[in-house]
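Protein chains: 2
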Amino acid sequence: MRYELYYWPSIQGRGEFIRLALEDAGAEYVDVARRPRGVQAMMRLMASRALKTPPFAPPFLRAGELVIAQTALILHWLAPRLGLAPKSEAGRLWLHQQQLTISDWLVEVHDTHHPIGSGLYYEDQKSESLRRAADFRENRLRKFMDYFERLDRGRNITYVELSLFQMIEGLRYAFPQTMAALEPEYPGLIDLHERVAARPRLALYLRSKRRIAFNQQGIFRAYPELDA
Amino acid sequence: MRYELYYWPSIQGRGEFIRLALEDAGAEYVDVARRPRGVQAMMRLMASRALKTPPFAPPFLRAGELVIAQTALILHWLAPRLGLAPKSEAGRLWLHQQQLTISDWLVEVHDTHHPIGSGLYYEDQKSESLRRAADFRENRLRKFMDYFERLDRGRNITYVELSLFQMIEGLRYAFPQTMAALEPEYPGLIDLHERVAARPRLALYLRSKRRIAFNQQGIFRAYPELDA
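Protein chains in written order, with my numbering: chain A, 55 to 282; chain B, 55 to 282.
Pulled out of the complex, with its shape left as it was, chain A reads as follows (with noise of 0.2 Å):
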């Protein structure tokens, strides 16, 4: 099966969550909207009338006649058939009942930057962006972390421990000082990261030029002012 993954083509966002498990598992897929035009072609599969499924926004993927849309279902259903979740119906919605919380987290992790619109700019909400960032901090980043370094998740790599991994580079990424303080409480996930990264078919795609490097246009941003 070659699969059409449709996201914006300059940031990770929530499509890079389903890029590390078609990357991990060697998939054949084509990243249409990073494709001459493909932006156009994404705008108008999305706007279609014929389409029966349509998605409110990316990412959306398209396997034959199927076309699917949010991030934690596609990768439900994508996982099994890559190997990166078992088949079994109660594995399968522990698996994705940890994804949406996952996709909670990242929502709280995009409003840190973007707490009045996500139609505005940074800089028309950054004394907003200040309050928020700092309860993050200072409240909701521990509560997801902890949450997660206490499960017990033996040494099995899945989805879930890949879109981990990505919380831990991207947390790294946009808040820097404190992760720092932070990780030594948290040696479960930190060596979850590390045996992710590690991974052939991952570590390869992290150095190409198909992984897009964290950028200020993202849900993972660098603004000094919003960390520690």
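Among the hints, a few may not be true.
Identical copies look the same in the list; a pair holds intra-copy or inter-copy alike.
As the list claims (entries may be wrong) - Okay, derived cross-link-like pairs now, EDC-like style, lysine to aspartate or glutamate, Cα gap no bigger than 20 Å in a straight line: (1) Lys106 x Glu119; (2) Lys197 x Glu239; (3) Lys141 x Glu177; (4) Lys180 x Asp281; (5) Lys263 x Asp206; (6) Lys141 x Asp85.
Hints are computed from structural coordinates only; laboratory data are not their basis.
Remember, it's a predicted structure, so these values are computed and weren't measured experimentally.
Use these hints to put chain B onto chain A, whose structure you have.
Chain B alone, transformed into the frame defined by chain A:
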């Protein structure tokens, strides 16, 4: 099957989307935290190290051996068992995709009165709320309503339609002036709201004491200054 729902006892909140499905189906369930010492039972279960699939937060559902969290996932699992979703994979995926978009919408409603921190009082983030709510009313609300209005959903009622009923109901409570102005543009959603409200078991539920009234602790709150 006798289901156990765990959710905060004094608000509709996220738990209400699950209550609506259980009530519409006439399912046998216990709203655990609304019983004497129920909140303690909920907190104890959440913190239990014996639980293999611990929730990050309520709501969660217990069904025999299964403990499952995240509103949209609970509905995804539960609804086919209640006759409120098809059993085919494609049909279930499409409903789940829509429900996850409703979850995103609901977060944005919540953040109109809590743009800075969920642990702070509204009064301590009121000026930020005024800005966030204006952005929600002027940009975001219409984007979600346009999306759901445009979907061709036929006459069939699934858990997604019950959830859309609850969104309209809540938005009318929180933003009465805004909704009064918008509703004529959304005949499909308004018709859907009426059809759901008229379902016999649901109509009985909505008039019963089991239906918690909207109030100023829930996700939908009536602060006139945040309305038009």
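Evaluation of the provided hints:
1. Taking identical chains as interchangeable, the C-alpha atoms of Lys106 and Glu119 lie at most 20 Å apart only when both belong to the same chain, with a minimum of 10 Å there against 36 Å between chains.
2. Within a single copy, Lys197 and Glu239 get their C-alpha atoms as close as 13 Å, which meets the 20 Å cut-off; across copies the closest is 41 Å, which misses it.
3. Taking the shortest alpha-carbon separations for Lys141 and Glu177, neither the intra-copy value of 46 Å nor the inter-copy value of 48 Å comes in at or below 20 Å.
4. When the C-alpha separation of Lys180 and Asp281 is checked against a cutoff of 20 Å, the pair qualifies only within one copy, where the shortest distance is 13 Å, while the shortest distance between copies is 24 Å.
5. For the identical chains of this complex, Lys263 and Asp206 are neighbours neither inside a copy (34 Å) nor across copies (41 Å), given an alpha-carbon limit of 20 Å.
6. Proximity of Lys141 and Asp85 under a CA criterion of 20 Å is satisfied in neither setting, with 26 Å inside one chain copy and 31 Å between copies.
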